[in-house]
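Number of protein chains: 2
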Amino acid sequence: MTRREPRPRERGIPEATVARLPVYLRALQALSESGTPTVSSEELASRAGVNSAKLRKDLSHLGSYGTRGVGYDVGYLVYQISRELGLTQDWSVAIVGAGNLGRALANYGGFGTRGFRIAALLDAEPALVGDRVAGLSVGHIDTLEGVVEAENVSIGVIATPAQAAQAVCDRFVGAGVTSVLNFAPVVLNVPPEVDVRKVDLSIELQILAFHEQRKADGREGPERIGTLDAPPGPAGGQ
Amino acid sequence: MTRREPRPRERGIPEATVARLPVYLRALQALSESGTPTVSSEELASRAGVNSAKLRKDLSHLGSYGTRGVGYDVGYLVYQISRELGLTQDWSVAIVGAGNLGRALANYGGFGTRGFRIAALLDAEPALVGDRVAGLSVGHIDTLEGVVEAENVSIGVIATPAQAAQAVCDRFVGAGVTSVLNFAPVVLNVPPEVDVRKVDLSIELQILAFHEQRKADGREGPERIGTLDAPPGPAGGQ
DNA sequence: CCCACTTTGTGCGCGTGTTCACAAGGGCGT
DNA sequence: ACGCCCTTGTGAACACGCGCACAAAGTGGG
Chain A
1 MTRREPRPRE RGIPEATVAR LPVYLRALQA LSESGTPTVS SEELASRAGV NSAKLRKDLS
61 HLGSYGTRGV GYDVGYLVYQ ISRELGLTQD WSVAIVGAGN LGRALANYGG FGTRGFRIAA
121 LLDAEPALVG DRVAGLSVGH IDTLEGVVEA ENVSIGVIAT PAQAAQAVCD RFVGAGVTSV
181 LNFAPVVLNV PPEVDVRKVD LSIELQILAF HEQRKADGRE GPERIGTLDA PPGPAGGQ
Chain B
1 MTRREPRPRE RGIPEATVAR LPVYLRALQA LSESGTPTVS SEELASRAGV NSAKLRKDLS
61 HLGSYGTRGV GYDVGYLVYQ ISRELGLTQD WSVAIVGAGN LGRALANYGG FGTRGFRIAA
121 LLDAEPALVG DRVAGLSVGH IDTLEGVVEA ENVSIGVIAT PAQAAQAVCD RFVGAGVTSV
181 LNFAPVVLNV PPEVDVRKVD LSIELQILAF HEQRKADGRE GPERIGTLDA PPGPAGGQ
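First to last, the protein sequences are chains A and B.
Residue 238, in full-length UniProt numbering, is where the first sequence stops; the numbers in between run on with no holes.
Residue 238, in full-length UniProt numbering, is where the second sequence stops; the numbers in between run on with no holes.
The set of hints was computed from the structure by calculation and includes no laboratory data.
Hints are not guaranteed to be accurate.
Label pairs and their calculated CB-CB ranges [unchecked claim]: (1) B/A216 - A/K57: 24 to 32 Å; (2) B/A167 - A/A53: 25 to 33 Å; (3) A/E149 - B/G63: 49 to 57 Å; (4) A/D90 - B/R132: 37 to 45 Å; (5) A/E145 - B/G63: 23 to 31 Å.
In silico BS3-like cross-links for lysine-lysine, where the CA-CA straight-line distance does not exceed 25 Å [as the list claims (entries may be wrong)]: (6) B/K57 - A/K198; (7) A/K54 - B/K57; (8) B/K198 - A/K54; (9) A/K57 - B/K198; (10) B/K54 - A/K198; (11) A/K198 - B/K198; (12) B/K198 - A/K215.
None of these values were measured; they are calculated from a predicted model.
Where a beta carbon is used, it is the ideal one built from N, C-alpha and C, also for glycine.
Construct all of the structure, not just a fragment, from the sequences and the given hints.
Written out as structure tokens, the structure reads:
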């Protein structure tokens, strides 16, 4: 019934590959700027921090853009990857939350790569409205729907506190936004046609802490050291 | 030879599970605060945005902490997950880069969850040194090694521009830091014993753009529309 | 004390992703 | 024009993660 199709891979590029294409693109752009005309899979893989076989398989999903015995033409690959990622057109982005994070995002060098345009930076706090950040003026959250429509915003960025995130998300969705990038530490509920990606600082830190603990355990000897281990007990916890 | 062991899963918890534990933990903490004593896998899974079978399997890696017919004791699970993630001890974190991003991170509510202590916020820019952010004073980057040693920092956060990232990383590693959280858009080179996690805004945006383009293609009709498709050509790129 | 109901814990099949290893293909020197 | 050497593209084996579906286990009511 509500069975979700495993997304029949609309045109054949695996999700894992899509996630790596931007990394390749960045490495290629650096090569391009340094005037390098061609690059081997080995070299590019090393710069992207991946295995060269994986790189070749990833690129093979886009087509046969390499030349055996030579490598890949840098400029050509940049173009092909950009096109595949949809960066040959401009995407309008609206950021909600003009705190430090929202400002950091807005200042993030033309949003890291060309292809993205910040249509608006909005906040609920009247004191912030009107501030100038990265060449644009902070708008009030109530203008969200208007901006989304007028500027044809398709990607919404949520840089608000956790409590506000779901409400902002709902407004984005209601206004027609179909992709959301969420920096707030909450799980967002959205209709299935909307894509959500989450960036969560504290989760990343906790994952690092886990591995760090592993390493520390190893160093201090594998014997269970005297953990002051009176677990709350399944009955009385909290 | 340089064959990398596939990491024999030191104590049995799959990486994918580790990445979800913090999400469960957050949901559980919310339940705990609202006074809920027990929760079923179904309910918790829904709040965490995952499948309930997956949740049960994840939790089963920590041990048998549920009660059949009842569910999980919220307080007890909070404790067990915290312990597994290493959050029952405090980790010292140093942040390099006191721009908007660094400040956003420093202000991130006691770093999202207890278990982390910001030992220092450093920057290379003399004009920023001495600023007070989130109750601490911005230090100079040259004090990095001293701080790492004195405060026993094991996790380094890089919130600098791309050009500076590798150098900062090298200093972290040289000073004995074994986990790095990198916000700069570069691939860091580190010795194998160091863990690096990357958070990259522009990559996330590009992935969203990819899917957005897919959706748009679908809407405009599946026929290849007249892409002004004169690819630079493998010969003349750049 | 037993039975019906609820919910956990997990065996299993499937799809995805990763890596090795090699055949196919193209350039370049002679 | 030929053959060597380099690098791509991919078949196949393997590892991993996911989700279904069900047996095991504990609860509460009569």
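Hints and how they fare:
Under the hint 24 to 32 Å, the C-beta atoms of B/A216 and A/K57, about 27 Å apart, fit the expected range. Separated by about 31 Å at the C-beta atoms, B/A167 and A/A53 satisfy the suggested range of 25 to 33 Å. Take A/E149 and B/G63: their Cβ atoms lie about 52 Å apart, and the range 49 to 57 Å holds. Our hint of 37 to 45 Å for A/D90 and B/R132 holds, since their Cβ atoms are close to 39 Å apart.
A hinted range of 23 to 31 Å for the beta carbons of A/E145 and B/G63 is inconsistent with their spacing of about 49 Å. At roughly 23 Å between alpha-carbon atoms, B/K57 and A/K198 fall within 25 Å of each other, so this suggested pair holds. Restraint check for A/K54 and B/K57: not satisfied, since their Cα atoms lie roughly 30 Å apart, outside the 25 Å limit. Straight-line distance between C-alpha atoms of B/K198 and A/K54 comes to about 19 Å, which keeps the hinted pair within the 25 Å bound.
For the proposed pair A/K57 and B/K198, the alpha carbon gap of about 23 Å is at most 25 Å, so the pair holds. Annotation: proposed proximity of B/K54 to A/K198 holds, straight-line Cα distance about 19 Å (limit 25 Å). Of the pairs offered as hints, the one joining A/K198 and B/K198 holds, with about 13 Å between alpha carbons and a cut-off of 25 Å not exceeded. Note on B/K198 and A/K215: the hinted pairing holds, with a Cα-Cα distance of about 20 Å set against a maximum of 25 Å.
Checked against the numbered hints above, the structure breaks hints 5 and 7 and satisfies the rest.
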